[in-house]
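Work out the full structure, taking the sequences as your base and the hints as a guide.
Listed below, chain by chain, are the residues.
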Amino acid sequence: MIAEFARRLAAELDFDPPLSQRVRREVEDHLHDAVAADPSSDRSDAERRAIARFGDLRVVAARFAVAALVRQTRGVAVVAVAMTAAVFAAMQARVAWYGVMACGTAAPTGGALAEVVLLVDRLAFWLAALVGVAGWLYIGSRRVPVVLTRDCRLQLGRFSALCLTTAAALVASVTSDGVLTALRLARTGWCADFVLPLLLLGAEIGCAAVLLARMRRTARLRRIAGSKATVWAVRLE
Amino acid sequence: MEGQMLKGHLDMIVLAALSSGPAHGYAVIEEIKRRSTGAFDLPEGTIYPVLHRLEEAGLLASKWSTTDAGRQRRVYAMTRRGERALRQQRATWMQFSGAVHALLDGSRRWNHPA
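The listed protein sequences derive, respectively, from chains L and S. Heads up, the first sequence is in numbering that gives the first Met the number 0, so the first residue is 0 and it goes up one at a time. Heads up, the second sequence is in numbering that gives the first Met the number 0, so the first residue is 0 and it goes up one at a time.
Hint data in this document are derived by calculation from the structure and do not stem from the laboratory. Given the structure is predicted, the values throughout are model-derived calculations rather than measurements. Careful, some of the hints might be misleading.
What the hints assert, rightly or not - Each pair of labels, with its calculated beta carbon distance range:
1. S:H100 - L:A208: 54 to 62 Å
2. S:A90 - L:A36: 33 to 41 Å
3. L:P38 - S:P21: 21 to 29 Å
4. S:D104 - L:R222: 43 to 51 Å
Unchecked claim - Some chain L residues flagged as far from chain S (calculated, every beta-carbon gap over 12 Å):
5. V80
6. R149
7. L200
All residues carry an ideal CB built from backbone N, CA and C; glycine is no exception.
Below, the structure written as structure tokens:
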């Protein structure tokens, strides 16, 4: 019964595997101590009482998730800024490479479509950069909460909106880069010099994917942390 | 005691329970019950997120040890930073509780003038 309870709690904490394993061992030890201290001679009853006194495992998991959520949210802010900077570096490297390419030309690809896409690319990138930095400053200036209070939820909601804007703008910028590269490739034809720009484009896509993955992970944690944490907060803190 | 009364004081309560020496989670809960003469009878799982948070904040340190029964157990101890934090929190609490006492005594006199 104790092992099963600890296993279920560990499963609730699977968002952080090292934490999950550590808590599992701690809780098993705790429950064995509680059973040993129980005056009853019936071990099953003693285990049931020990588990009941320990509390709802989802509530405990939610409390751990709040701490993890705060860490991860700040991590997402850093990742958003870092990935935007990495995309900028890749864009600059690609443009510089076009200047020294043996095949093709450094000149713009030409055409109204390319002009529009280039404009979208620039606007989207600078939007991602500005909103990303704003989100980082915003979440970095918030006090670390102990529990997921209403104010904390509001702050996380605002940060999520900023982060979503950053991610959407970054995806738009990377997509525009892809379209511009395709247009250039269509105009000049394939040559080996295009390998580096394509690799850099792949790196940009990777950066956007990393940001989206971190955001998804944080959104999941937010659901776990929000499941019962507020009720817990009202009752106990 | 009402859970709401503990609002914001769990950190101090846990630090105070560990002030007498290193202990594992179950022993911390038992110490809290003992010192509060049963007034703070928390769901026992409450203690672990608090212990982890205090450790993350550098107020506690922990390490694994092995019990006589061969079980692995995480033992927590206060750091110097934790001791300083407890001293500060204790001073703030004494000031606050003194003010509340004074206020309640004053209101009693006001409500029942001689």
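Quick rundown of the hints versus the structure:
1. S:H100 - L:A208: 54 to 62 Å: Holds, since H100 of chain S and A208 of chain L (Cβ atoms, about 60 Å apart) stay within the stated range.
2. S:A90 - L:A36: 33 to 41 Å: Check passed, 35 Å falls within 33 to 41 Å.
3. L:P38 - S:P21: 21 to 29 Å: holds (27 Å)
4. S:D104 - L:R222: 43 to 51 Å: Holds, since D104 of chain S and R222 of chain L (Cβ atoms, about 49 Å apart) stay within the stated range.
5. V80: holds (23 Å)
6. R149: holds (15 Å)
7. L200: Holds, because the least Cβ-Cβ distance between L200 of chain L and chain S comes to about 39 Å, which exceeds 12 Å.
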